[in-house]
Amino acid sequence: MSTQTPAQELDQVTVMFAGDSGDGMQLTGTQFTTTSAIIGNDVSTFPDFPAEIRAPAGTLPGVSGFQVHFGSVNIRTPGDSPDVLVAMNPAALKVNLSQLEDGATILVNEDAFTKAGLKKAGYEENPLENGSLGAYRVIKIPLTTLNREALKDVELDSGAVDRCKNLFALGVMFWLYDRPLEPTLEWLAKKFGKKPILVEANSKALKTGYYYAETAEVFTTHYKVKAATHLSAGEYRQVSGNEALCLGLVTASHKAGIELFYGSYPITPASDVLHHLSRMKHFNVKTFQAEDEIAAVCSAIGAAYAGSLGITGTSGPGVALKGEAIGLAVMTELPLVIVNVQRAGPSTGMPTKTEQADLLQALFGRNGESPCAVVAPATPTDCFTMAMEAVRLALTHMVPVFILSDGYLANGAEPWKMPDPDELPSISVTYAAAGEGEFEGYKHDPETLGRPWATPGTPGLEHRIGGLEKWDVTGHISYDPDNHHHMTVLREAKIQRMQVPDAVVDGDQDGDLLVISWGSTFGAVTSAVEEFRGSSDAKVGHVHLRYLNPFPKNLEAVLGRFKTVLVPELNMGQLCMLLRAKFLVDAVSFPKVKGRPFQVTELVDRFRQAVKG
Amino acid sequence: MPTTLPLKKKDFVSDQDVRWCPGCGDYAILAAIQKTMPTLGLPKEKFMFVSGIGCSSRFPYYMNTYGFHTIHGRAPALATGIKCTNPDLSVWLITGDGDGLSIGGNHLLHVLRRNLDINILLFNNRIYGLTKGQYSPTSEVGKVTKSTPLGSLDAPVNPLRFALASEATFVARTYDTDVKHMSQIFTEAASHKGVSFIEILQNCVIFNDGAFEEQVAKKVRKEKLVYLEHGKPMTYGAAGNHGVKLNGFELEAASWDEGGEVPSDVLVHDQTAENSTLAYLLTQFDDPLPVGVFRKVERPTYDDGINAQVELAKSKKPSDLAALYRSGANTWSVS
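If you read the sequences in order, they're chains A and B.
Residues in the first sequence are numbered from 1 upward in steps of one, following my numbering.
Residues in the second sequence are numbered from 1001 upward in steps of one, following my numbering.
Honestly, the hints are just simulated from the structure, not real lab data.
One or more hints might be untrue.
[Said to hold, decoys possible] The list that follows gives simulated cross-link-like pairs (lysine-lysine, DSSO-like), each with its CA atoms no further than 30 Å apart: (1) A:K195 <-> B:K1317; (2) B:K1146 <-> A:K190; (3) A:K443 <-> B:K1046.
Here the structure is a predicted model, which means the values were calculated and not measured.
Could you build the full structure based on these sequences and the hints that come with them?
Have a look at this one:
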C-alpha cells in the first residue's frame, strides 16, 4: 500500500479491542486476527467477555474485550500488555487501563465520552481532558460522527448505521498495521450475502476508516509486521481450543471406526463443543442435549456400554454433578471421555474467566478409590492432539479419561497447520465375541488390564454389570474383602500402566531451577523461561506436563536433577501438592487465581526470586 | 450365532440367587416378565434390562439377558444412550417409586416426553424398602415411618398422572398378584413403538404390607378394579352390572340390574384418543381403581429421530476429515 506516512517495522504487537458487549468487539478482533494470520503472522488471541449477554450499555460489567498478539516471531501468548487499546467507550477505557504500560497507544471513540457516557463508567471528569492519560499516546477519533457521515447515503436506520462503527475502527487499525482489507470484505459479502445493504454499509465503514487513517494523519507513523518465518510449510487455518478439541474427538472416532456419542448440558465455556459436534453428524456423530449434567454423563456411559465412543463435556460445576456417574464408569470399566473446560470457581464462580483449579477434582472428586486418567492440552491447537490421546487411552484401557481444557484455551485461537488425516495414528477397537463356555466379563487383558467390551445384541455374551463390586474374571457381584482390595489395586494399575510419553526438559537438563507447568499456562511459561534464560546465568529447565495421571515415567528422575522446583499454576498449588506428595520433592508453588492467565513478566520476576533463594 | 427361537421361560432365568424378601411382590413380576419375554419373538441377546437403585433395581441380575444395574434414579439417562446407539435392542427399564419419582424424577419426565422407544416398569410399593422403611413420594399423607414418626407431610404423586403430564405415549397400570394381567400389559407395551410406562402396584411384605390389599385382594378385586379394554365399555363387578360414567368433569360409578343391558352413558374405553383428558380423569378415580392401558398413541420416537438425522447428514456429505478441517474457516498456505 502506498502512503506518505513512514512505515516502521515491528516484530510483534499486542492490540486490545474493547467496547460494549453489543459493539461487536469479538467480531472485530476475530477479523483482525484472521487477516493477520492470512498475511503470515503468527497469532494468539484472548477474548474476554462478560457472562451477561447484554449488560446495561456503557457500564463496566458490559465491557467486552478481545486481545490479539501477532508477530513475525514465535507468538505463544495473547501478550502481557496491549501496545494499543481500542476503546469504544469510557467504560472500555476504564476497565482496561490498568493493563497498559506507559507509552502505550490508546485509540478512543471521542464521541462516546459524553457526560452520560462518563457517568455510566463512573468517571467524575473526562479522562481525555484532565491530563490523567499523560503517560500514554492518546488518539481521539470521533468514530460515531465519522461513521454516520460515511454512511449518510446508505438507507439504514440510525441504530444499524451506528452498529457499523466497529468496522470503521477496524479499518483504522488495518491501516495502522498495514493489513489488507480484502479478507474482511470477502467475509462481509459471505456473511451478509442475503442482505446486500448490510454488506454495503459495513464495507463502506471499513474502507472509510482505512482511508480516514491514511489521509487525516492522525498517526505520525504506521507499522509493518512481516510474515513469521518459524511456521513450517503447509496449509493453515485459525482454530480455537474448543474447535480443535471437537476436530480431535471426531478424528479419533473416525480413526477407531466407531460412532461418537456426545451427551452434554449447556454450560459456559463448554457449550461450543456441543454446538460444533452437532454439526458433524455426517461423521457418525450423535449429540444429545440432556436434561442435566447427570443425564449427560449417564447417556454417554450408556452409549459406551452399547459400543460407541461415549463422551461428555462440561465445566467444573458440571463435573461436580457427574461425579457419581463417573464412579460408575470406573466400576463398570467402560471407556468414557470427560471434557472439562475449566472456569473460575468454586460454585458458579466467574463463568467466563479462566482457571485451572479442577485438577484435584478430576483426580479425586468421587467417592471411594476411583482412579481416572487425566490429560491436559497445552495450547488451542494441542486440544486436537490431546483429544485424540484421551480417546486412545480410554479405548485401550477401558477407563474414564479427563481432558482438562479451560476457558483460555477454549476461546483463544492460533494458527493450526492442518494435518494429513492419513498420517495420524490409528486407534484399534476390539469388541468381544462369543467363545466356548460362559462369558467372563471381567477377564482382564494381561497387558492393558482392559476388560472385554461386550456390546448388547451380541449373541452368547449376555451378562450383567453395575455399580456393585465385582469378582475379578466373572464379573459377578462380590462382597469378598480380598477381592475388593484386589480390584481396587487393579483399577489403579490400569491407569499407571498406560503408555505416555516421557517428560521433555526444555532448556538446561539439570541445575538451579526446574519450572513445571501444565495445561494452558504453556505459552506464558515457555516464553518466560526463554526470556529468563537469556538474562540470567542460572541453569533453568522447563517441563510442561500434558499427562497428569499417570505422570510421565521419567518425571521423578527429572525432578531430582534440579535444586529448586517451581510450579506456577492458575490455582492454589494443586499440581505442586501432587508432586510433593508423590515424589517427596520440596516443590514451591506459584499460585494465581485472578481469572486471567499468567503474564510473562510476573513469571520472569518469580523465577528471578526463585534462583536468588 | 443368534439364539435359536422359540425360547422358553428358563432361557431368561439367570444363575444368580434371587435375594428379595420371601413373599415380596417382585417375585411375581419377575416370573411374569420371564414368562412374557419368550413370547415376543426376539432372540435373547436383543433384550436389555436397565435399572437404578432400590429393591426393584436388582431385577437385571436375575434375567439371563444383557443387564445394567446403574445408579440411583439415572436409569432413564443410561437407557437413552443405549437405545440411541443400539436401536435394535428391546430395552426394559426397571425402577421404583423412589428411584423413578424421587431421585430420578427429572430423568423420568424427560425420557417420557422424548418418547424414547423403551419400556418402563415402575414398581410402586409406596415405601422405601432397601433403605429399610422410610416413606416414599407415593406414600399417603400422614404415613408413619422410621423417618416420619409423626406422619409424613407431603402430598403423594400419582405415577400415571405424572406420566400423562409428561406426554407419555403408552400409560398403563397393573398389579403384582395377577401374572396373566401383567403379562398381557407387558406384551402390549412391547408392541408399542415409543415409550411405555407401566405402574405395577407391588406389595412390600416387610415395610408396607397390604398397601393395595383393599383393591387387589382376590376376594375384592372384581368389585374394586375396573379392567380397561380398548373399545369396550368400562364395566366391572362379578355380574358385570357396574360401570363408569361421566358426570360433568368427574367420573362416577354406576350400577344397573344384573343381566341388564349396559346403559348407554357407561364410557367406552378409547386408549388411542389423542386428547388425554379422559385418561387423566381415569388416573384420578380409585373406586373402582382402573387397571390396564390408559393411553396408547403414536408419536415419532427420539431414537428414530436421532438416527435419522445422522443418516440424513451422511447422505448429504461424505465423511472426509481433510475437508472437515477446512470447513467454515479461512485457510492459507505457508511455503
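Check whether the Cα positions of K195 of chain A and K1317 of chain B lie no farther apart than 30 Å.
Between K195 of chain A and K1317 of chain B the Cα gap is close to 27 Å, so the pair holds against 30 Å.
Within 30 Å, alpha carbon to alpha carbon, are K1146 of chain B and K190 of chain A?
Violated: K1146 of chain B and K190 of chain A sit about 68 Å apart, past 30 Å.
Could you grab the alpha-carbon distance between K443 of chain A and K1046 of chain B and see if it respects the 30 Å cut-off?
Satisfied, since the Cα-Cα distance of roughly 23 Å is no more than 30 Å.
Checked against the numbered hints above, the structure breaks only hint 2 and satisfies the rest.
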